[in-house]
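S.K.: For the protein sequence lines, the chains are B and F, in the order given.
So in this note's numbering, spot 43 of the first sequence is number 43, and the numbers just go up one at a time.
So in this note's numbering, spot 76 of the second sequence is number 76, and the numbers just go up one at a time.
Hint data in this document are derived by calculation from the structure and do not stem from the laboratory.
Computed from a predicted structure; not experimentally measured.
In this text, a Cβ means the ideal position worked out from N, Cα and C, and glycines have one as well.
Mixed in with the good hints there might be a few duds.
Unchecked claim - Calculated cross-link-like contacts (lysine-lysine; reagent style DSS-like; alpha-carbon spacing at most 25 Å):
1. Lys65(F) with Lys79(B)
2. Lys57(B) with Lys91(F)
3. Lys24(B) with Lys79(B)
4. Lys40(F) with Lys65(F)
5. Lys91(F) with Lys79(B)
6. Lys65(F) with Lys24(B)
7. Lys40(F) with Lys79(B)
To be verified - Covered by chain F, according to a simulated footprint, are these stretches of chain B (three or more residues, beta-carbon under 8 Å):
8. 38-46
9. 55-68
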Amino acid sequence: MTDAYFCLAMLVLITMAAGLALIKSGTTPADGVLAVQLSGTAGVAILLILAAATGVKSLLDVAVVYALLAAGLMIVFVKVRSGQDPK
Amino acid sequence: MISEWVGLAFMALSIPFFVGGSLGLLRFPNLYTRLHALSKADNLGLGFVVIGMLVTADSWGEALKLVLIWLLVLAGSAIGGYLVANSELEKRNRNG
Numbered sequence: 001m002t003d004a005y006f007c008l009a010m011l012v013l014i015t016m017a018a019g020l021a022l023i024k025s026g027t028t029p030a031d032g033v034l035a036v037q038l039s040g041t042a043g044v045a046i047l048l049i050l051a052a053a054t055g056v057k058s059l060l061d062v063a064v065v066y067a068l069l070a071a072g073l074m075i076v077f078v079k080v081r082s083g084q085d086p087k
Numbered sequence: 001m002i003s004e005w006v007g008l009a010f011m012a013l014s015i016p017f018f019v020g021g022s023l024g025l026l027r028f029p030n031l032y033t034r035l036h037a038l039s040k041a042d043n044l045g046l047g048f049v050v051i052g053m054l055v056t057a058d059s060w061g062e063a064l065k066l067v068l069i070w071l072l073v074l075a076g077s078a079i080g081g082y083l084v085a086n087s088e089l090e091k092r093n094r095n096g
């Protein structure tokens with residue numbers, strides 16, 4: 001049972017790594033932010049699966065913080081970007 | 001025991017959505033379509049993981065926390081998706 005959970009977490013991790021490859025082959029800064037947003041969502045999913053696998057429920061609190069940080073990141077990116085561009 | 005297997009099945013359902021989201025992010029031609037793949041497919045996948053954990057949740061508090069996580073991610077990606085698309089559009093309009 002636990003092994004099945006770990007396999008699922010591994011699969012999600014692989015899709016997350018594939019998405020992060022977009023930064024490497026990266027086109028624009030906006031794409032980089034998308035990739036980070038992907039890693040935020042997939043990271044929350046991995047934390048939840050690990051919480052189910054190990055029974056460590058405090059991982060749920062970590063997932064809440066992840067969700068909040070991913071939302072904040074997008075807002076900061078847009079603010080910095082609009083600040084740098086000449087109006 | 002049976003509820004654990006049901007939960008695991010729901011979690012396994014999330015994998016195609018995560019794969020689809022990542023593939024879309026890598027393969028789609030421009031920022032708007034990539035944003036679409038990311039914010040829809042991945043959040044559905046996360047939703048299935050949350051449902052899978054809700055089945056085996058020990059208490060109401062834990063279940064509420066799980067739903068809160070999902071709602072936070074949904075709200076975050078909805079707001080973020082609008083902001084990123086809007087700033088891209090503004091940039092494009094400014095540059096010509």
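S.K.: Against each hint, give a clear statement of whether it holds in the structure.
M.R.: Hints, verified against the model:
Of the pairs offered as hints, the one joining Lys65(F) and Lys79(B) is violated, with about 30 Å between alpha carbons and a cut-off of 25 Å exceeded. About 44 Å separates the Cα atoms of Lys57(B) and Lys91(F), which puts this hinted pair outside 25 Å; it is violated. For the hint pairing Lys24(B) with Lys79(B), the CA-to-CA distance comes to about 24 Å; that is within 25 Å, so the pair holds. Between Lys40(F) and Lys65(F) the alpha-carbon distance is near 22 Å, which keeps this suggested pair within the 25 Å criterion.
A distance of roughly 13 Å separates the Cα atoms of Lys91(F) and Lys79(B); the hinted pair therefore holds under the 25 Å criterion. Annotation: proposed proximity of Lys65(F) to Lys24(B) is violated, straight-line Cα distance about 35 Å (limit 25 Å). This hinted pair checks out: Lys40(F) and Lys79(B) have alpha carbons roughly 24 Å apart, not beyond 25 Å. For the stretch 38-46 of chain B, the proposed coverage by chain F is satisfied: 6 residues have a C-beta within less than 8 Å of a C-beta in that chain, meeting the threshold of three.
Coverage of the stretch 55-68 of chain B by chain F holds. Counting CB-CB distances below 8 Å, 7 residues qualify, and the rule asks for three or more.
When the structure is compared with the earlier hints, violations turn up for hints 1, 2 and 6 and for no others.
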